[in-house]
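**Student:** Please work from the sequences and hints to get the whole structure.
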Amino acid sequence: ETGVTQTPRHLVMGMTNKKSLKCEQHLGHNAMYWYKQSAKKPLELMFVYSLEERVENNSVPSRFSPERPNSSHLFLHLHTLQPEDSALYLCASSQDTANEKLFFGSGTQLSVL
Amino acid sequence: SQQGEEDPQALSIQEGENATMNCSYKTSINNLQWYRQNSGRGLVHLILIRSNEREKHSGRLRVTLDTSKKSSSLLITASRAADTASYFCATDAASARQLTFGSGTQLTVLP
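Protein chains in written order, with our numbering: chain A, 27 to 139; chain B, 1325 to 1435.
Please note that a few of the clues may not be correct.
[Said to hold, decoys possible] With a cut-off of at most 16 Å between alpha-carbon atoms, the simulated EDC-like pairs for lysine to aspartate or glutamate come out as follows: (1) 45(A) x 111(A); (2) 66(A) x 1331(B); (3) 66(A) x 1329(B).
[To be verified] Facing chain B, according to a computed beta carbon distance under 8 Å, are these residues of chain A, among others: (4) 69; (5) 71; (6) 74; (7) 76; (8) 80; (9) 81; (10) 101; (11) 127; (12) 131; (13) 132.
No lab work stands behind these hints: they were computed from the structure. Here the structure is a predicted model, which means the values were calculated and not measured. Backbone N, C-alpha and C fix where the C-beta goes; we use that ideal spot for every residue, glycine too.
**Tutor:** Below you can see the structure in the form of structure tokens.
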């Protein structure tokens, strides 16, 4: 176990649904991340949170909305997704945003029908 | 184009053999990291090498870094079937605020 827990492990949703992915870490890490992993493509960084700020990747569509309500939890709210959004969504954390040693959760495999 | 690219895309070897994977990148880096991912799971950090280091070891893993050639290699010695996984390099570019991952090498170790 890496200390980063993601739920649910699998999610199937329609294009009009609203759902949320949850990530929890009890490692005391300041930085948390959302990554998207599609088949045959490199990991794509979606969002980065330090304790003080959210750093957004400008290419992420607004149908993805992150939230970090406290230091241990990170959510990714999903609404009106497209079939091409089907992918493995990975949460990660690190001590800070110095880009050293990320701890990943097991991911949520998302299918959009 | 992506910062880190692994080579080969896929590698199949017999148990007990050594496995070598390579990573090339384009811009100056602060550090380079290797991660492992079992099918359908998250990535696990293996080793980090800084730009001023040339070689690091961790158990059966050996990582080299050649900043003049902008390349790194990961060597797994005496491979085991349990080493079957995808291996990714990630670069922390001096000019960027984020790690950039490659597409990975799929390693299959046959028993």
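**Student:** Next step is simple, just say for each hint if it's right about the structure.
**Tutor:** Against the structure, the hints come out as follows:
1. With a CA separation close to 13 Å, the supplied pair residue 45(A) and residue 111(A) stays within the 16 Å bound.
2. About 14 Å separates the Cα atoms of residue 66(A) and residue 1331(B), which keeps this hinted pair within 16 Å; it holds.
3. Proposed proximity of residue 66(A) and residue 1329(B) is supported: the alpha carbons are some 12 Å apart, at most 16 Å.
4. The interface hint given for residue 69(A) holds, since its Cβ lies 4 Å from the closest Cβ of chain B, which is under the 8 Å cut-off.
5. Checking residue 71(A) against chain B by beta carbon gives a least distance of about 5 Å; that is within 8 Å, so the hint holds.
6. The beta carbon of residue 74(A) is positioned within 8 Å of a beta carbon in chain B (closest approach about 7 Å), and the interface hint is therefore held.
7. The closest approach between the C-beta of residue 76(A) and any C-beta of chain B is roughly 11 Å, which is over the 8 Å cut-off, so the hint fails.
8. Hint on residue 80(A) is violated. Least Cβ distance to chain B is approximately 13 Å, over the 8 Å limit.
9. The beta carbon of residue 81(A) comes within 7 Å of a beta carbon in chain B, closer than 8 Å, and the hint placing it at the interface holds.
10. With a least beta-carbon distance of about 17 Å to chain B, the hint placing residue 101(A) at the interface is violated under the 8 Å criterion.
11. Nearest Cβ of chain B to the Cβ of residue 127(A): about 5 Å, under the 8 Å cut. The hint holds.
12. Against a cut-off of 8 Å between C-beta atoms, the interface hint on residue 131(A) holds, since the closest Cβ of chain B lies about 5 Å away.
13. The restraint placing residue 132(A) at the interface with chain B holds, with a minimum CB-CB distance near 5 Å, inside the 8 Å limit.
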